[in-house]
Amino acid sequence: MVVVDSLVFPDLVITMILIIIILLLIVYVTNQLIELSMIDYKASMGTYLFLKCQLGNFTIHLNHVIITNGTSSSNYLLICPQLVVNGSQIGAKVYTAYVKW
Amino acid sequence: MIYKSLLPIIITLLITMAMLNYLISHVGNEEVKALEVENEYLLTINVFKQLNNTVPKIFQAKACLLISNPINYTCNVIASNITGIIMNALGIISNESSGVVRYEVVDYVIYGINNETIYYVTIKALTPMGDTTGIVGYTYPFNLCYYSQFIKELMNTLNANFTIDVENITVVQSSLGNEIINRVKSLIGTSSINITINIYYVGVFRMINRSINRTTYLGQVSYTARISPNNVHTCNEITTLAGAFYVTAVVNRYVNNTYYFSINGAININSMVINDKTR
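Residue numbers (this note's numbering), protein chains in the order written: chain B, 2 to 102; chain R, 222 to 500.
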């Protein structure tokens, strides 16, 4: 018992608990860093697509940004209306960019 | 006492967490605002810009329609047609964007001034971020409003019957030609309309009355007038008018044996030449 008592000293228990806390905090901080980089990604994609829309060429070939015809949900990144002359009419199309993970 | 050396790590992590939390909420808000501003720009000002690029082409096509048919297709019809086309396109944008943006046409104006037709429409865009009002317009380098009015007056002028006094039936043709030229010239007056008018006419006269010092002929003159605006390079259309009028030709003597005669002629009038002379 004396040997066991000396092995399971309170220090070790506290150290174990603290290391677990540290690990959990590291996971949390990593998660926050990812979230921050996602915000940054969305912002830079927004800027890029903003310019593309004004140039009249609203296309992108990336895995995490998709462009659809029309707007289906409120979770959009950018909405880009495009007008073209179609005979004696003005043709209108709306493209919407979404970020998907 | 090893655990005491872990405490600074935890404190550092907690501070990092707090900083990151602040950063995420701050940067996240800024990103949402930036996207709102970008979306608003694309749905309002960029749409107005695109309309300013597309409306001229539509207007030029409609102007050609007016030039080929100025009697029925007036500049007010152009304005309401084009405004309808714009509203239709904006309605599609509003529908396809699930109502994120709505557009209202506040008013539209068309008028001719000097040698130009000015059209503009005021559009209000309602977005979740606020209302934006924009003006879309185009200036066409020819006074279409005055043109359709001018063509109507020209037709009335050409269709009016008249009487000419001549010494001899051989001068009926030149006398008639001068009369038509004078009528068109007085109609053009000092206006700044820039057009070329070609009139071809054919007339057949018959004697209707004869006395010792007076012979009267009545003629029906058919004409075809082709009117084309000068300096309008976006349209090859011309206006064609056709009609007929009666001319009474009075010869101040007894004409022995000419019961019928016919005339034909062509007149070419350039409004700018007339105006140069009058100045």
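By construction, these hints were calculated from the structure, which means they are not laboratory data.
The reader is advised that the hints may include incorrect statements.
[To be verified] Only pairs whose alpha carbons sit at most 20 angstroms apart, straight line, appear in this in silico EDC-like list of lysine to aspartate or glutamate:
id, chain 1, residue 1, chain 2, residue 2
1, B, K101, B, D12
2, B, K94, R, E400
3, R, K373, R, E400
4, R, K345, R, E400
5, B, K53, R, E400
6, R, K254, B, D41
[As the list claims (entries may be wrong)] Okay, the calculated bits of chain R under chain B, using three or more residues with CB under 8 angstroms as the criterion:
id, stretch
7, 235-241
8, 254-261
9, 312-320
10, 336-346
11, 376-385
12, 466-473
[As the list claims (entries may be wrong)] Chain R is faced by these chain B residues, among others (derived, beta-carbon under 10 angstroms):
id, residue
13, I22
14, G47
15, Q55
16, N58
17, H62
18, N64
19, H65
20, V66
21, I67
22, I68
23, I80
24, G88
25, Q90
26, Y99
27, K101
Glycine is no exception: its CB is placed at the ideal position from the N, C-alpha and C atoms.
Against the structure, the hints:
1. For the suggested pair K101 (chain B) and D12 (chain B), the alpha carbons sit about 47 angstroms apart, so the restraint of at most 20 angstroms is broken.
2. With a CA separation close to 57 angstroms, the supplied pair K94 (chain B) and E400 (chain R) exceeds the 20 angstroms bound.
3. Proposed proximity of K373 (chain R) and E400 (chain R) is supported: the alpha carbons are some 19 angstroms apart, at most 20 angstroms.
4. A C-alpha spacing of about 54 angstroms is found between K345 (chain R) and E400 (chain R), which places the hinted pair above 20 angstroms, so the restraint is violated.
5. Between K53 (chain B) and E400 (chain R), the direct Cα distance comes to roughly 64 angstroms. Violation of the 20 angstroms bound is thereby established for this hinted pair.
6. Only pairs whose Cα atoms come within 20 angstroms are accepted, and K254 (chain R) paired with D41 (chain B) is accepted, the gap being roughly 13 angstroms.
7. Beta-carbon proximity to chain B at under 8 angstroms applies to 4 residues in the stretch 235-241 of chain R; the threshold of 3 is reached and the given coverage holds.
8. For the stretch 254-261 of chain R, the stated coverage by chain B holds: 4 residues have a C-beta nearer than 8 angstroms to a C-beta of that chain, and at least 3 were required.
9. Under the rule that three or more residues need a Cβ within less than 8 angstroms of chain B, the assignment of the stretch 312-320 of chain R holds, with 5 such residues.
10. Judged by the Cβ-Cβ criterion of 8 angstroms, the stretch 336-346 of chain R is not covered by chain B as claimed, because only 0 of its residues qualify and three are needed.
11. For the stretch 376-385 of chain R, the stated coverage by chain B is not satisfied: 0 residues place a CB nearer than 8 angstroms to a CB of that chain, which falls below the threshold of 3.
12. Three residues within the 8 angstroms Cβ limit are the bar, and the stretch 466-473 of chain R against chain B gives 0, so the coverage statement is violated.
13. Because the closest C-beta pair between I22 (chain B) and chain R is about 6 angstroms apart, less than 10 angstroms, the hint holds.
14. Of the supplied interface hints, the one on G47 (chain B) holds, with its beta-carbon coming within about 5 angstroms of a beta-carbon of chain R, less than 10 angstroms.
15. Hint status for Q55 (chain B): holds, given a least beta-carbon distance of 6 angstroms to chain R, under 10 angstroms.
16. Of the supplied interface hints, the one on N58 (chain B) is violated, with its beta-carbon coming no nearer than about 13 angstroms to a beta-carbon of chain R, more than 10 angstroms.
17. The restraint placing H62 (chain B) at the interface with chain R is violated, with a minimum CB-CB distance near 21 angstroms, outside the 10 angstroms limit.
18. Here the hint on N64 (chain B) is broken, as its CB sits about 20 angstroms from the closest CB of chain R, past 10 angstroms.
19. With 10 angstroms as the threshold, the beta carbon of H65 (chain B) stays out of range of chain R, its nearest partner Cβ sitting at about 16 angstroms, so the hint is violated.
20. The beta carbon of V66 (chain B) comes no nearer than 13 angstroms to any beta carbon in chain R, farther than 10 angstroms, and the hint placing it at the interface is violated.
21. This hint is violated: I67 (chain B) has a C-beta 16 angstroms from the nearest C-beta of chain R, more than the 10 angstroms allowed.
22. Of the supplied interface hints, the one on I68 (chain B) is violated, with its beta-carbon coming no nearer than about 13 angstroms to a beta-carbon of chain R, more than 10 angstroms.
23. Taken as an interface hint, I80 (chain B) checks out: its beta carbon lies about 5 angstroms from the nearest beta carbon of chain R, inside 10 angstroms.
24. The closest approach between the C-beta of G88 (chain B) and any C-beta of chain R is roughly 8 angstroms, which is under the 10 angstroms cut-off, so the hint is satisfied.
25. At its closest, the beta carbon of Q90 (chain B) sits 6 angstroms from a beta carbon of chain R; the interface hint therefore holds under the 10 angstroms criterion.
26. Interface hint status for Y99 (chain B): violated, as the beta-carbon distance to the closest one in chain R is roughly 12 angstroms, over 10 angstroms.
27. Interface hint status for K101 (chain B): violated, as the beta-carbon distance to the closest one in chain R is roughly 16 angstroms, over 10 angstroms.
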